[in-house]
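Sequences listed follow chains Y and U, in order. First residue of the first sequence: 1, per the UniProt record's numbering; consecutive thereafter. First residue of the second sequence: 1, per the UniProt record's numbering; consecutive thereafter.
FYI, nobody ran anything at the bench for these hints, they're computed from the structure. For glycine and all other residues, C-beta sits at the position ideal for the given N, C-alpha and C.
What follows is a list of derived Cβ distance ranges for each label pair:
| id | chain 1 | residue 1 | chain 2 | residue 2 | range |
| --- | --- | --- | --- | --- | --- |
| 1 | Y | I64 | U | H17 | 56 to 62 Å |
| 2 | Y | F36 | U | Q191 | 47 to 53 Å |
| 3 | U | T30 | Y | E245 | 47 to 53 Å |
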Amino acid sequence: MLQSRFKMPSRDELKKRMDKIPDNLMKECPICHTTFFSMRMGKQRTCPNCGFGFRITARRRAKITFDTFDEMDADVTVPDQYDDKKYRGKIAKAKKVTGIKESVLTGIGSLDHQKVAAGIMDPFFIMGSLGSATGEKIVRLFEKATTEKLPVVMFTASGGARMQEGIKSLMQMAKVSQAVEAHSKAGLFYLVVLCDPTTGGVTASFAMQGDIILAESHALVGFAGRRVIEQTIMKQPPKNFQRAETVLDHGFIDAIVPRTNLKQTISQFLRLHQREASHG
Amino acid sequence: MAKKTAYQRVQAARDSHKISTDELIRGLTTDFFELHGDRSDGDDQAVIGGIGLLKDVPITVVGIRKGADTEENIKRHFGSPEPEGYRKALRLMQQAEKFHRPILALVNTPGAWPDVDAEYHGIGSAIAKCLQVGMQLKVPYISIIVGEGGSGGAIALACGDKVFMFEDSIYSVLSPEGYASIMWKDSSKVQQAAEALNLTPEWLQENGIIDQIIHEYHSGENLGPLRDFLANQFNELANLPIDELLRQREQRYRNF
Ligand SMILES: [Zn+2]
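Make the full structure from the sequences, and use the hints.
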């Protein structure tokens with residue numbers, strides 16, 4: 001019998017495989033479980049059925065979001081002091097996969113002739129974890145934006161703290177918060193786009209500090225890990241308790257915007273926050 | 001006395017005989033009055049807040065606390081605050097700013113409470129607000145890690161002008177158990193994790209994460225020297241012009 005010879009892999013296993021191979025021929029959406037030809041995702045990489053935005057590299061996102069993008073601090077990377085062999089191996093692999101040297105890509109982008117300081121976290125760079133150089137790149141971005149009176153748009157995608165960098169990783173939450181607040185105090189606009197997945201220390205700092213907070217459809221957004229919560233309450237948490245739609249219902253997100261509409265929505269928010277030179 | 005290993009330090013930080021947040025508040029201040037509630041959802045027992053006098057100077061105290069017995073520990077989630085707790089602390093810190101009262105934040109937590117309701121009530125957002133607003137409070141702000149300082153739930157109230165630690169306290173990105181489970185898929189490798197995390201006050205001071213180590217007190221009876229020390233620290237900070245105070249605070253965190 002066919003069934004006995006062909007065992008369907010578990011959902012977790014499927015998801016793991018899909019995360020590993022972004023370009024295989026067929027794709028199953030982890031949200032609505034529709035299976036479709038990969039090409040149907042288009043260059044935006046969204047589910048043709050439910051609009052879920054698959055994880056994409058920061059470089060790809062820069063390309064599909066901005067008309068032009070001038071990268072900043074391209075060489076800021078993990079400090080040499082972290083010399084653990086396993087960690088260095090992970091960094092080397094992450095650099096190869098993503099084409100960037102830390103888990104965030106920063107630069108000055110333009111969108112319909114509007115200039116914006118942009119940060120894009122890369123979920124394929126050690127799970128988009130918050131290393132000390134990640135924090136440094138984000139802080140420099142905010143500092144430049146504050147000096148040049150630019151709005152900031154930040155795409156978050158992160159597993160949280162970078163365990164290998166210990167307490168220094170935790171300190172990035174305070175370091176970035178300090179820069180966000182300085183930018184805010186200057187009366188400048190900060191837009192956050194929560195992407196799948198945004199968790200841990202990133203959720204508990206700059207992801208939740210935007211003037212406007214948007215999320216991509218069905219993105220995982222939360223603080224504590226599902227397994228940790230499971231151990232605490234000793235049962236399965238509700239299925240969608242950390243989905244963007246649930247977080248919206250509880251009042252912590254301004255709106256959910258499918259990836260295919262993001263470019264025009266960001267452009268609209270930049271227009272709505274333009275500084276009125278003529279009145280100035 | 002031989003120096004404690006990192007893991008012995010973890011055990012000492014968690015010891016039930018350790019001086020508690022409540023004892024510290026009672027021993028350090030006079031006229032302390034506890035204030036409740038986040039003015040939105042509830043009153044988290046894991047966070048205590050109020051106003052008292054530190055050597056005749058009014059200060060606002062906020063603290064994350066464990067319980068003295070099982071019943072208290074269950075109410076306080078073993079020192080793990082819910083979003084309501086962080087919002088209560090933030091409310092009282094903003095009130096302190098209005099009345100130009102210095103802020104003392106006492107931290108003893110393994111981390112924020114990880115359950116479904118905490119997620120629904122925006123635990124991430126609550127911590128993020130504490131960090132963002134904390135950076136700009138226009139009053140002197142001192143944090144002390146009393147026992148455990150675990151992860152985002154600790155740094156939420158440990159972003160002051162000065163951060164001190166007790167000798168028998170720990171401060172880390174994650175609990176040793178959590179670290180062992182994530183890094184080695186084996187939560188029993190706690191001793192190894194404690195070493196790897198560099199969570200001792202000595203290491204953290206050497207590496208500029210904290211400013212000073214405070215020696216242990218075993219009861220709230222004889223806190224005189226600590227009271228003097230804190231009053232001096234607040235005085236020094238209060239003598240700075242506000243702009244300079246904020247500039248130094250920003251710089252403290254910028255350097256990480
Ligand atoms: Zn779908």
